[in-house]
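Participant: Protein sequence lines, in the order shown, are assigned to chains A and B.
Under our numbering, the residue at position 152 of the first sequence is numbered 152, and the numbers go up by one with no gaps.
Under our numbering, the residue at position 170 of the second sequence is numbered 1170, and the numbers go up by one with no gaps.
If you're looking for bench data, these hints aren't it; they were derived computationally from the structure.
Treat the numbers as computed from the prediction; the structure is a model and nothing was measured.
Fair warning: there could be bad hints in the mix.
[Said to hold, decoys possible] With a straight-line Cα cutoff of 25 Å, these simulated SDA-like cross-link-like pairs (lysine to any residue) come out: (1) B:1071 to A:20; (2) B:1071 to A:83; (3) B:1180 to B:1024; (4) B:1180 to B:1123; (5) A:172 to A:20; (6) B:1035 to A:20; (7) B:1180 to B:1159; (8) A:66 to B:1076; (9) B:1071 to A:43; (10) A:66 to B:1029; (11) A:66 to B:1166; (12) A:3 to A:105; (13) B:1166 to B:1132; (14) B:1043 to A:172; (15) A:66 to B:1132; (16) B:1166 to A:172; (17) A:66 to B:1144.
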Amino acid sequence: MGKLPGSALEVRLAATLFLLLLGLANLFGVWEVRNFASFTPEGVASAVGASGHERHGMSGAAAGEKPVDVETLNEPKHHIDRELLVQDSHVHIPVYAITAAFLALIVFALRLTSGSRVALVLLAFAAPLLDFVGLWGAHLWSESGRLWGAVAILGGVLMGLVYLAVLGLTLKQCWLSNSEKGEADA
Amino acid sequence: MRKGILFAVALGVALALKAHVTPNVVLMRRGDFVKASLPGATKFFEKTFQAPARAAVRSETGWTPSGDDTKIYVGREEGGRLVGSVVFLWMPSQHGPVGIGVAFGPAGTILRATVTDVGSEPLVWVRPLLRDGVIAGLDGISPSVSPDPGRIAPETSGAMSRYYAKVIAEGVSWAQAIEKASITS
């Protein structure tokens, strides 16, 4: 525990580069969200919630046809149906778990109090859980979609905060604090 | 400090949302497919789907279409004569949903079919099944005949392409069931 700041150069490099590369991936995530999704609870609810037809049930719809502008059909829509949400959960939850585990390993190696470590580890794993609870909640209970969307965003904010905390502590303890870094370099 | 918090929020939101923003590759835009499939139509309508029709599809296919994954558009001439209809639906597959569009003539015969959207991973297996954006080998099939996956690009032999030929053929058969139910409802 707490040996990363005093570890060999290559160990500190590996931890730091992992964090920086993860940050780069996250920046592209920002770009992707801007292109295809939303930064608001309403947007999350709209992206993963049931559509208007599904929400109100097609059985209640009047028989017949309503005029449509065929050009509007070309507008890209990125609605996520249940099958895609299942697939994304299957793909992303393991990746989030692995990411949280790597962050936890770095947390173990930083000079922190036991309580701080416990808090960071819990937050690292709880944040993606909140994310997917929010996404599934918005999908299953679209009437309260904004609330569930807010839960998903809260999960994302926590993920960002944990990441920045670990990155900041790593940079500070491994590279910026002369008394702590590179004890093994000598 | 404020910039740091804003960055953290943006980063966090991105992390939270990137899980559900996996965009499909659009192979054919829906509006373009409708216009190309029903060239004589000047008016277009979205057709609603009543409960009996939905039950009929469930009875025939074992699948219950919803407004979320199924759309029916009808094309008519200026005078109102039916030119044809187009059914769009999503088929589940090993690698996520595949968007399928099928255009029908007034009697329910398949005019053409296409894959509108597909994930980036199965794209390499699905693209060989298309000719000029259209699924080869399905046009002219009458409503009473189920599409044969073997007719879809038979020269393409890869196992995963053949798997997707089956997925597409089943999707087209679901579209046929929707079209039949829609006509009779």
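Participant: Would you mind marking each hint as holding or not holding in the structure?
Facilitator: Hint by hint, here is what the structure shows:
1. B:1071 to A:20: Given that 25 Å is the threshold and the Cα spacing comes to 44 Å, the pair is violated.
2. B:1071 to A:83: holds, 17 Å
3. B:1180 to B:1024: The given pair, whose Cα atoms are some 29 Å apart, is violated under the 25 Å limit.
4. B:1180 to B:1123: violated, 30 Å
5. A:172 to A:20: holds, 14 Å
6. B:1035 to A:20: violated, 48 Å
7. B:1180 to B:1159: violated, 32 Å
8. A:66 to B:1076: holds, 12 Å
9. B:1071 to A:43: Holds, at about 22 Å.
10. A:66 to B:1029: Roughly 21 Å separates the two Cα atoms, so the pair holds.
11. A:66 to B:1166: violated, 33 Å
12. A:3 to A:105: holds, 11 Å
13. B:1166 to B:1132: Holds, because 20 Å separates the two Cα atoms, which is no more than 25 Å.
14. B:1043 to A:172: violated, 66 Å
15. A:66 to B:1132: violated, 31 Å
16. B:1166 to A:172: Given that 25 Å is the threshold and the Cα spacing comes to 56 Å, the pair is violated.
17. A:66 to B:1144: violated, 28 Å
Hints 1, 3, 4, 6, 7, 11, 14, 15, 16 and 17 from the earlier list are contradicted by this structure; the remaining hints agree with it.
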